[in-house]
Every structure is written in structure tokens, then in C-alpha cells.
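Residue numbers (this note's numbering), protein chains in the order written: chain A, 1 to 265; chain B, 266 to 623.
Think of the hints as simulated: they come from the structure by calculation, not from any bench. Possibly wrong hints are sitting among the right ones.
Covered stretches of chain B, as calculated for chain A (at least 3 residues, CB under 8 Å) [to be verified]:
id : region
1  : 290-296
2  : 410-422
3  : 557-571
4  : 593-602
Built from N, CA and C at the ideal position, the CB exists for glycine as well.
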Amino acid sequence: MSAAPTAVRASGLAAGYGGTQVLHEVSFEVAPGEILAIVGPNGAGKSTLLKVAAGTLRSWSGEIDLLGRAIGSYDRRELARAVAMVSQENPLAFRFTVLEIVLMGRAPHVGAFHFESPRDLEIARRALERIGLLPLADRHVQELSGGERKRVFLARALAQEPRVALLDEPTAFLDLKHAAEILMLFRELCTSEAMSVIATLHDLNAAAVWADRVILIKHGTIIGCGRPDEVLTPQNLREVYETEVYVGRNPSTGALIVLPAAPPR
Amino acid sequence: MSVAAPFRREPPARESTAELGLSGAHLTRARMLSTLAVLLVIVIFASLVAAAFGSVHINLLRAFSDASSPDHAIFFAARLPRILMGIAIGAILASVGAALQALVRNPLAEGGILGISGGGALGAIVALVMFSRLGGSELVVPLFAFGAALLSTVAVYRLAIVDGQLEPLTLLLVGVIFNAFWGAAIMLVNSVVDFYYTHSILFWLMGSLEAPTYGEVVTVTILGIAGFMALMFYARDMNLLALGDEAAAELGVDVERVRRVVFLATSVMIGAAVSVSGIITFVGLIVPHVLRLALGADHRLLLPASLIGGAAFLVAADLVARIAIAPAEIPVGAITALCGGPFFIYMLRREGRHPFSL
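Please build the complete structure, drawing on both the sequences and the hints.
See below:
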């Protein structure tokens with residue numbers, strides 16, 4: 001494991017849409033098996049950062065190495081076997097079943113004229129099982145609730161068997177139980193399969209207990225990067241979110257907790 | 266289950282799904298082959314019925330056994346080329362509809378709505394008016410139709426690209442505008458030329474399979490097969506396009522290339538169809554929709570199923586066009602629209618939910 005190259009190494013990233021620059025000089029590294037959370041206010045460039053790492057943004061500059069190779073040296077399907085992305089919005093035209101969507105995660109692994117093999121089916125079944133969607137496998141995605149739908153696309157990313165998972169707000173729309181389960185599941189995958197995760201999170205408490213390291217970002221610039229307790233300080237958070245926050249410890253678990261310091265009524 | 270009733274996608278009981286290792290909820294080779302076999306039987310049956318019936322009923326056995334019989338003459342000179350043409354045109358229209366709907370992620374797309382067939386019809390009519398007195402219009406008219414359909418496609422495609430990005434909804438809107446524009450241009454031509462041309466112009470607007478030559482049948486079939494092979498090459502990519510351009514790209518799809526190749530292939534196919542049969546509406550909408558409701562959304566099955574199903578549908582519609590008011594004929598495009606519209610509404614209502622909700 002120690003000889004394994006860095007999962008993702010980004011240096012001097014800049015990116016934008018049209019004339020607007022969204023990321024400035026962003027550099028970071030993610031090791032195999034590590035979870036990196038990206039936090040920051042709306043419009044800070046968190047999703048853009050994921051899109052650059054996913055290789056789907058058109059205009060960006062800087063360097064990204066993936067598993068020790070420049071991202072530009074990957075062809076599309078090869079990249080799709082290494083990196084899986086789950087966006088915030090998951091549009092779907094036409095009535096595909098849950099299983100069909102999860103099997104789409106096998107597309108980069110399967111030849112153009114082949115049907116999914118029993119092995120692909122087993123991988124999809126296992127992904128559904130892990131994410132607790134097996135009973136819904138033959139339902140149409142349009143019939144599901146928002147949270148169930150989100151989990152379908154997370155299962156698709158699992159079926160992709162990536163080395164690096166890019167998750168844009170993986171717990172949005174999920175209830176407490178399912179949010180915790182998803183975070184735990186990806187933690188397990190990082191441990192057992194050395195998968196790396198880069199996830200944007202609005203929930204600072206989730207970031208504090210789940211991530212190995214946190215990047216705090218504002219206006220496309222990194223304000224802090226390091227262990228959650230180093231980065232999620234009252235000073236940093238006040239600067240980035242422009243509001244008063246309370247940072248303390250959960251008395252029963254000792255975990256870092258971040259709360260808005262509500263103004264007195 | 267899939268062999269016994271390939272048209273039903275009865276969700277199996279929840280528990281058994283897990284036990285059976287997820288059968289039924291996805292496409293397998295066995296389900297694909299059995300479904301296509303059933304559709305093939307339907308198209309053969311429709312063709313045999315269409316061959317036997319018409320303004321004159323013929324005996325198919327005598328047509329094959331007695332070369333001097335009138336049955337033989339009618340079968341080989343009139344019925345067979347017409348049925349083959351119906352198969353080719355129906356197959357093209359329906360498979361193109363299915364592909365274009367995937368391409369723009371919109372249930373309204375088909376060759377007509379995107380302005381491809383309208384452009385072709387205008388080309389045909391202009392050639393007809395220009396060349397009919399000079400002679401040689403039999404060859405020039407289809408060529409003009411084909412060329413105009415391609416030009417119209419390229420124009421729609423180029424104009425839909427904004428900031429280097431092709432937005433599916435923009436493509437659809439530009440196509441709708443072109444479709445209306447070509448319709449208006451045809452009306453304009455119709456009002457400035459001799460009354461003499463009106464019947465021919467109507468032929469192109471309503472669509473008909475009247476009196477094709479074997480040469481036309483072969484040409485359309487070859488272009489149709491070539492185009493369809495390009496579509497099938499991207500069948501799985503079309504599934505992934507349903508997730509949106511970004512997600513498709515993240516799963517390894519070259520989205521722009523798929524769009525370009527599929528759009529070009531469909532315009533060749535529609536151009537070939539329009540050049541001999543005019544604008545036949547509704548086949549490209551109704552056949553893929555009905556099949557999607559019955560078979561699911563996987564394009565690896567939907568495209569070939571639409572190909573065969575479209576053939577059966579148009580052969581049947583053309584039979585009605587020939588015998589409903591025999592010895593006179595109704596344009597087959599009128600039949601497809603008249604049967605297709607209400608049947609389509611019925612299917613949508615019966616399902617009780619919108620099959621394309623995003």
C-alpha cells in the first residue's frame with residue numbers, strides 16, 4: 001500500500017465558465033483509501049472542483065494526476081473505469097428500472113456489443129444490496145422518492161468499481177439513517193478496497209466526523225486544508241461563511257460539532 | 266417468463282427478484298431474441314395478408330406456382346415492391362424516431378418534427394416543378410429530396426449549437442421552426458404554380474407508397490440498413506445519454522461524436538425515405554412509444570424492435586390505405602395519422618402515468 005501512487009494530485013488548478021473564473025490556484029492531494037471533504041459556501045467552486053477531477057469540464061488549466069498519470073493521458077472509457085462521479089442533480093429521461101441504471105455503471109467495463117455478463121450482474125446486485133436498494137431493483141426510477149433516487153445513482157457509482165469516487169453532496173435528500181449509512185459504506189470501501197473519496201458537503205458535522213481531511217474553500221481559493229479539527233475552527237468558519245459559528249465537542253462521543261451561533265432573540 | 270410473454274414486463278414479486286438474481290428488470294440476450302422473433306412473425310403475417318388483399322384479391326399459392334396467372338403479375342409487379350417498400354420505410358421511420366428521441370432526450374422528436382422530412386419534401390416539390398416539363402424527373406426528384414433533407418439536417422444541427430454546445434432542447438426548437446418554415450414554403454410553391462401540380466404536391470405532403478420500382482426499394486433498403494447499423498453501434502451510448510450529457514461523458518461516452526454520427530445517419534435514412542414516399546407522419550412517434558411502454562427503455566432492444574415494429578405497422582397501414590375505399594386509395598400518411606393519434610392517446614391514458622417524466 002505504501003508504494004501506491006497518490007490517488008489524485010492536483011496543482012495550480014484554475015477553471016471557469018465563459019468569462020468567469022471559478023477556481024484559482026487550487027492544489028491538493030488525496031491518498032489511496034483517504035476521504036477528502038470539500039466544504040465552503042454556495043458558489044465557492046466545490047462542484048467545479050469535482051468536475052475538473054472527473055475530466056468533464058471543458059476549460060481548465062493546471063495539472064491533475066490520477067493514480068500517478070496525467071488525467072489527459074486517459075481515454076474516456078479508461079477514465080470512467082478509474083473515476084466515478086455522482087452529481088447533485090441526476091436527471092433521467094425515459095423509464096429505466098433501478099437495476100438498468102445501476103448496470104449503466106458497468107458500461108465502461110463492457111464491450112460495445114456485449115450484454116452485461118453474470119459477473120456484471122453480480123456486481124450490480126452487490127451494489128444494490130450494499131446501498132439497501134435490492135428490493136426496489138425492478139422499479140422505475142421515476143417512481144422513487146428523492147432520497148431513494150439519490151441512492152440509485154450512488155449504487156451506480158459503486159457498480160463502476162472506481163479507484164476514486166467524486167461525490168457532490170452525497171447526503172443531500174437523505175434522511176439521518178440513510179445519510180449515516182452512505183457515509184459509513186464509503187468509509188468501509190476506502191478501508192477495504194483503498195478507494196479514495198472526494199466529496200462536497202454542506203453538513204460540516206458530517207465532514208468533521210467522516211473525512212480524513214477537509215478543504216475549506218471560498219471564492220475558488222483554498223482557505224484551509226488539513227485535519228477537520230485544524231480546519232473547522234471558529235476563526236476560519238467565520239471568515240468563510242461570514243457568520244458567527246459555535247465549534248465544540250459532542251459530550252458523549254468527543255466528535256467535533258459545528259453549529260450556527262444564532263443571534264439572541 | 267420472458268420467452269412466454271416477451272411483451273409484458275410484469276414486475277416479479279419483490280422477494281423472488283432477489284432470489285432469481287434480478288431477472289426481468291434488465292435486458293438479456295434471451296429476452297431480446299425472443300422479443301424480436303415475435304415481432305418478426307408479426308411483420309411476416311402482416312406482409313402475407315397485405316399481399317393477398319387489395320382492390321383485387323389474389324391467391325398467393327397460384328402467384329408462385331403459375332407464372333402466367335394474373336395473380337403472378339399482380340403480386341410481382343404491384344404488391345411485392347409495395348410491401349417491401351412499406352417494410353423499408355416503416356422500419357426507417359420508427360427506428361429513426363427512437364434514435365432521435367434518445368438523442369434529444371425528448372419524446373416529441375422524430376424526422377418530421379426536426380424538419381428533416383419537411384426539407385426533403387420541399388426539395389422534391391421544387392425539383393418536380395422545375396424538371397417535370399424537361400423530363401428526367403423520376404431520377405432528379407428523389408435526388409433533390411435526399412439532398413434537401415441532408416441540407417436541412419445540417420442547417421438545423423449547426424444553428425442549434427450555441428457557444429460550442431449543443432443543447433437538446435434548442436435542437437428540438439430549431440427543428441420545429443424549420444418544419445413549420447418548410448411547410449410554409451411548400452404552400453407558397455403550391456400557390457404560385459399550376460393547379461396541375463397540386464396533386465403531386467399533396468402526394469409529398471401526405472406520403473404514399475404508390476407504385477415504387479424495385480430500384481427504389483433496393484436503394485432505400487441499402488441506405489436504411491447502413492444508417493441503422495450506425496444507430497445500433499451507439500445503442501448503449503443512447504441509454505447513457507438519458508442520464509444527461511455530463512453523466513454520459515463521465516461513463517465514457519463521447520457525447521458530441523454520438524450526436525453527430527447518429528444525427529447524420531438518421532438524416533440519410535429519413536432523406537432516403539422521403540425521397541420515395543413523401544412525409545409519412547406518426548410512425549416515428551407511435552411505434553417507439555408503444556414499444557417503449559411494452560419493452561422498456563433499453564435502446565439495444567428498442568432500436569431493432571422499432572425497426573421491425575415500424576415495418577409491420579406501415580405495411581398494415583398501407584393495406585388499410587389500399588382497401589378502405591378501393592379501387593380509390595387513401596394516402597398512407599393519412600391512415601398512420603388517423604389510426605396513430607387515437608391509439609397513442611389510448612396507450613398513454615391506459616398506462617395512467619406519463620412515460621417520460623424526468
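Given that the region 593-602 of chain B was listed as covered by chain A, double-check it with a C-beta distance under 8 Å for 3 or more residues. Since three or more residues must qualify, the claim that chain A covers the region 593-602 of chain B is violated, with 0 doing so at under 8 Å.
Examine the region 410-422 of chain B for residues whose CB is less than 8 Å from any CB of chain A, and state whether their number is three or more. violated (count 0)
So is the region 290-296 of chain B in contact with chain A by the C-beta rule, three or more residues under 8 Å, or is the coverage claim wrong? holds (count 5)
Closer than 8 Å, Cβ to Cβ, for at least three residues: run that test on the region 557-571 of chain B against chain A and report holds or violated. Our answer is that it holds, as 5 residues pass the Cβ test (under 8 Å) against chain A, meeting three.
In terms of the numbered hints stated before, the structure departs from hints 2 and 4, listed from lowest to highest.
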